[in-house]
Amino acid sequence: MIAYIIRRLFYAIPILIGVNLLTFTLFFMVNSPDDMARVHLGVKRVTPEAIELWKADRGYDKPLLYNSKEKGIRSLSNTIFFQHSVSLFVLDFGRADDGRDIGRDIRQRMWPSLAIAVPTFIVGILLNITFAMLLAFFRGTYVDVWGVVLSVAMMSISIMFYIILGQLIMSKLWHLVPISGYDTGLRALKFLILPVLIGIVSGIGAGSRLYRTFYLEEINKDYVRTARAKGLSSLQVLFKHVLRNAMVPILTGVVAIIPLLFMGSLVMESFFGIPGLGSYTIDAINQQDFAIVRAMVFLGSLLYIFGLVLTDISYTLVDPRVRLE
Amino acid sequence: MLDFTFKILVTDALLYILVTAIIIFIVYARKHEHLSAPWRQIKNKKLAMSSFVILLFFVITGFLDSIHIRQEIKIDTESKTQQQVVQYSSEVLSLLDLLLTKLRVQTEKTYSAPFAIHSFTKEVTDDQQGKPKLYYPRLKYGGAHLQAQDSRIYDIGKRLLWALFWTLLVIVLCILLVAKFVVSKNDNKNEKTNLNTKLKTVLSGNTSTPWLTILLVMSIPVFFIASLVELGPFYHIMGTDQVGNDVLYKTIKSIRTGLLIGTLTTLIILPFAIIFGITAGYFRGWVDDLIQYIYTTLSSIPSVLLIAAAILSLEVYMTNNPQSFTTLIDRSDTRLLFLVMILGVMSWTGLCRLLRAETMKIRELDYIQAANSLGVRHRKIMSRHIFPNLMHIVLITVVLDFSGLVLAEAVLSYIGVGVDPTMDSWGNMINGARLEMAREPLVWWNLTAAFVFMFILVLAANIFSDAVRDALDPRLRKA
Chain Y
923 MIAYIIRRLF YAIPILIGVN LLTFTLFFMV NSPDDMARVH LGVKRVTPEA IELWKADRGY
983 DKPLLYNSKE KGIRSLSNTI FFQHSVSLFV LDFGRADDGR DIGRDIRQRM WPSLAIAVPT
1043 FIVGILLNIT FAMLLAFFRG TYVDVWGVVL SVAMMSISIM FYIILGQLIM SKLWHLVPIS
1103 GYDTGLRALK FLILPVLIGI VSGIGAGSRL YRTFYLEEIN KDYVRTARAK GLSSLQVLFK
1163 HVLRNAMVPI LTGVVAIIPL LFMGSLVMES FFGIPGLGSY TIDAINQQDF AIVRAMVFLG
1223 SLLYIFGLVL TDISYTLVDP RVRLE
Chain A
7 MLDFTFKILV TDALLYILVT AIIIFIVYAR KHEHLSAPWR QIKNKKLAMS SFVILLFFVI
67 TGFLDSIHIR QEIKIDTESK TQQQVVQYSS EVLSLLDLLL TKLRVQTEKT YSAPFAIHSF
127 TKEVTDDQQG KPKLYYPRLK YGGAHLQAQD SRIYDIGKRL LWALFWTLLV IVLCILLVAK
187 FVVSKNDNKN EKTNLNTKLK TVLSGNTSTP WLTILLVMSI PVFFIASLVE LGPFYHIMGT
247 DQVGNDVLYK TIKSIRTGLL IGTLTTLIIL PFAIIFGITA GYFRGWVDDL IQYIYTTLSS
307 IPSVLLIAAA ILSLEVYMTN NPQSFTTLID RSDTRLLFLV MILGVMSWTG LCRLLRAETM
367 KIRELDYIQA ANSLGVRHRK IMSRHIFPNL MHIVLITVVL DFSGLVLAEA VLSYIGVGVD
427 PTMDSWGNMI NGARLEMARE PLVWWNLTAA FVFMFILVLA ANIFSDAVRD ALDPRLRKA
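Protein chains in written order, with this note's numbering: chain Y, 923 to 1247; chain A, 7 to 485.
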């Protein structure tokens, strides 16, 4: 299995290079380094020397992809793309255009992101599994029918409405929690309740409906009938046999997300003014800070690939028939 | 009557292509039993048909909003001897705009509540003694026909009753039409029936296609249209927004945006997903490796970031090349098209993966081997023997993706990388409503209007797509 994991991680390298190349082309297709310098230096009193200096300072004074002045390998390596990409592979994110250390920013900002994402994720999954189990237990009755109707209705509502209504009711009308903001340490708790709650509620509809179909697929199989026939109660069958088998499809979706929790939620964080990685990304997009955008894209892709490997490993844990080779 | 000329936007043209494709498919499917059987199954389901009726009204509205014209401007030319030069207004209007002219042009100064006759904000004026006085001014159009002693509630009630009357008239007419022309074909084949017994069949709900349910559901949008006709010119049914535009008009205009994003995205991805998916699964080897590499790379990029980067690039391009985008509507249309394309680039990978896996299964089957050994060319095998067997996956994905894309528009517009801020869309309305929620007293109608329309569309789409999946997926199909 270890050999398998190592091989998978090696596959990641060409993919990451591709990701970098893509973001790079997309960004520099319309944005020349001169434009970037002008945006950052401001429109007034900008001289060609200042632009040259800004570019040289940040390593943007080289050709983009191919340096025709150099020979051999140097013609590829002495370029903006190469110089800015190669350090990413050792997780050195370099500096943002305003001179801040991106790596330090990320390490600092991942905690608020995690503080929202992890509770939302764990409680959300547990609730979804429970609700789906209830629906499956009452299958064919009115509880099931109306439960499904309710979940479809809930998943038809945009996340924006959940957030706006949540803020309106909990903060503006009932004054239970602050509308937005963040604090350090335990005092952050009161700022976290609302986003976590909204995150859970908005996900219940889609989640429980999806998991219900997983259960129903299992419930009609022969081993369930056998278990019932030998006298086990239907609750026992549901929890011991069906749940374990339904875990396989559930895990497919869930485990792949876990690493991406680091990235935070763009919408949640900017709505609630939480200084996490999500709002960091939005700020960078608005300021056209290529260094940060590229770092976040790289991090996101890395975590995504990591999630795929994790999913494969988790299969072997829940389903002993699966072997990685 | 003024003359006009048609103006076809790029997104309009794509929509026409889509509609033509759907019509061709329907005509083709009617002739082939294996294609029409699942759809007949959908036709007989109450819930599916109810949602379909609702969707149909949305689609018609969106389609009317996609036929754009430019009206001729009448110029009083003094020298009539000169050759008349026909000039067209730079304002591009759709057929829907023309139908809703009253709603479009009757704008107030600023906010007003639904059915209000007074403005939402106070204004200062001098009274007789010359002292400044705060008061709520009457609206220019909202309830302008009312005299001081007239009751507003009574007036609204009267107009609603008229709307109800028209609705009943239309529905009764429809019931008669259905009884006369449709029922006889499907039901009561042997009996010789008159209109009376046919009516009874329809009203008892014993038809194979649930006509009674369909007509009852239809009464809701019909009533909506009737009240729009009765009340729209006299009141702002959903109030007005910050600059005094009618909120209901804006909400109805947003339908086109939502529909285009939901449908055109899939139209754009289909060729890529189908060609790449089938070739990867069929040829295996290095072709497969290459295509797998492309889609893994694309899907590993966080989609919001890629969309944001793409839209920002477009903005920069637009500021650098202002000469290519002369009118506002050209700008917003280009941006919509670009958004649709980049959403497509992000979402074709899922379908491609499904198609590749299914092709890999199919190519091992005997009939493909037989075709191979008979010397049928690869291209023909893929198009004639593999592709038809993947159609159900394509159709299911298209309808399932629709509601997700409509919802995604709202989020993207909030982040600022969605459709153009000047374009009517639910996302832009919600985004604007965020600040209104902080006002005292609350300005709730913008958000509510966007919510209701978006919710109905997405809910109907979700229910309908469930029915389509149940009918088309062979694994779920009951024997």
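Just so you know, the hints here were simulated from the structure itself, not pulled from any lab data.
Even for Gly, the Cβ is constructed at its ideal location relative to N, Cα and C.
Among the clues, some could well be false.
Stated by the list, open to error - Just a few of them, taken from the derived set where beta-carbon distance is under 8 Å, the chain Y residues facing chain A:
id, residue
1, 941
2, 1065
3, 1067
4, 1083
5, 1203
What the hints assert, rightly or not - Here are some chain Y residues the structure puts well away from chain A; computed CB gaps all over 12 Å:
id, residue
6, 1013
7, 1017
8, 1070
Going down the list of hints, with the structure as the test:
no., hint, verdict
1, 941, "holds, 6 Å"
2, 1065, "violated, 18 Å"
3, 1067, "violated, 11 Å"
4, 1083, "holds, 6 Å"
5, 1203, "holds, 7 Å"
6, 1013, "holds, 17 Å"
7, 1017, "holds, 20 Å"
8, 1070, "violated, 9 Å"
Of the hints listed earlier, those the structure fails to meet are numbers 2, 3 and 8, in rising order.
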